[in-house]
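Engineer: What follows is the residue order along each chain.
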Amino acid sequence: MMTNPAGRITQGQFSFLPDLTDAEITLQIEYGLNRGYAWSVEYTDDPHPRNTYWELFGMPMFDLKDAAGVLMELQNCRKTFPNHYIRLIAFDSTRGVESIGMSFIVNRPKVEPGFQLERQESVSRTLRYTTRGYAANAPEGERYGN
Amino acid sequence: MSQPMYAIPGSVAANVPVEAVADPTVAPVARTVADVLAQSQVEAVMDELDHDLVGLAPVKQRIRDIAALLVIDKLRLNQGLAAQTPSLHMSFTGNPGTGKTTVALRMAEILHRLGYVRKGHLVAVTRDDLVGQYIGHTAPKTKEVLKKAMGGVLFIDEAYYLYRPENERDYGQEAIEILLQVMENQRDDLVVILAGYKDRMDTFFKSNPGMSSRIAHHLDFPDYSHDELLQIGDRMLGTMNYRFGTGARDAFGEYLTRRLEQPHFANARSVRNALDRMRLRQASRLFEARDRELTREDLTTIETPDIRASRVFGASP
Ligand SMILES: Nc1ncnc2c1ncn2[C@@H]1O[C@H](COP(=O)(O)OP(=O)(O)O)[C@@H](O)[C@H]1O
Ligand SMILES: [Mg+2]
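Going down the list, the sequences are from chains A and B.
Quick note on numbering: the working numbering labels position 43 of the first sequence as 43, and the sequence is numbered without any gaps.
Quick note on numbering: the working numbering labels position 31 of the second sequence as 31, and the sequence is numbered without any gaps.
Among the hints, a few may not be true.
Unchecked claim - Selected chain A positions facing chain B (Cβ under 7 Å, derived; list incomplete):
#: 1; residue: Met61
#: 2; residue: Leu64
#: 3; residue: Lys65
#: 4; residue: Asp66
#: 5; residue: Ala68
#: 6; residue: Gly69
#: 7; residue: Glu98
Please keep in mind that the hints were generated in silico from the structure rather than gathered at the bench.
Every residue, glycine too, gets a C-beta built ideally from N, C-alpha and C.
One chain only, chain A, in its complex shape:
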């Protein structure tokens, strides 16, 4: 079990920690809002590390004053996609930054089988590596059960 030791995907912030509670998530959202970030909710069932762009759930949330609004959107997303990966990302619009300031996973499928490391032998004993999610063979929307 060397490729998936914790039985969970580690991407973004806090992913080596136990799942954040909603109260902890609220604190993180609040922190981002205080720094002027705009939060978005994103989801996917293809958490391949090279899949940078997850689907947006609703619009990015600008001009919010309180974490409750972001949490409300997150709850809606969890209701719609209970077995998808969901993450919160915070956009920092500061001139010169204009990029993601925070990102962390807030919902996971019940079982995370992880990724297969595939070795392809090539000329002169060269090895080419590729990773493939075990769940990714099923079509979109059917990968982690419903």
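Could you slot chain B with the ligands onto chain A? The hints should help.
Structural biologist: Chain B with the ligands alone, transformed into the frame defined by chain A:
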């Protein structure tokens, strides 16, 4: 979630008893009304409201009553007497320019100081901000507004336009339903204030009992008397760094008497508009005298002719 196969730092329940250390920066638990008032500094806002706003006696009294209720509620809470978060949604009814929006801003501040909303900002919207143009447009629009208002006060001006009984497929109903749900389930997250004309709001509540039953406080804003309008005019001029010249205040009083009899009078807002026009005339008057050196006095004084030139004096000889 799958169980990790190794121990994650922090995942084990900490059994180490944490000593309760008295934090000197945290105020002691309030036991008296004075404690709550002092800790929340809410009285400063209420006094400001009293000073800054002319008239509105019944409204000010109602706000004091509501504040009293909330203060006592805090004390009950401190004694461990459980109570549901009081419903704080309100309706502000009255004619245009009677101070509804202005008071709503102060109300948000009062609720914030007493800890009933976390941030204390006010988001003011009308039907167009909530209701969409086509199927599927309304819910995201309404939710977006709700998300922005969370932690503060959502002020819906002319709320009765949300309900259009003559069109059974009107999307306003959808917005009302989303609002109701949040008003009921997220009382801690936001307070909704509906505003508009009294009679139309009454009709709206009659046809929307769900909305009516969730509004705890109805505040009615009376029209201002002639005298109050004159005082409001004084204050507005003062804050704009102007003053009435000799006889000009009387002329303005006369202006108000005439204007009050005309249609579309909008209380304090009409006063503001009238003053803006008088400033315009003052400026034109000063502009005429190209070579005159203008003193501070000249620049700040509204003279009688600036007022008398108004069209309300037109009909008289
Ligand atoms: N009692 C008052 N004292 C002083 N100014 C007032 C008073 N009531 C209203 N105003 C002023 O009149 C204008 C219109 O008030 P507003 O709150 O927008 O009225 P409404 O929302 O009822 O139409 C604002 O500029 C406000 O500052
Ligand atoms: Mg208004």
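Engineer: Checking against the hints above, which ones are violated?
Structural biologist: 7
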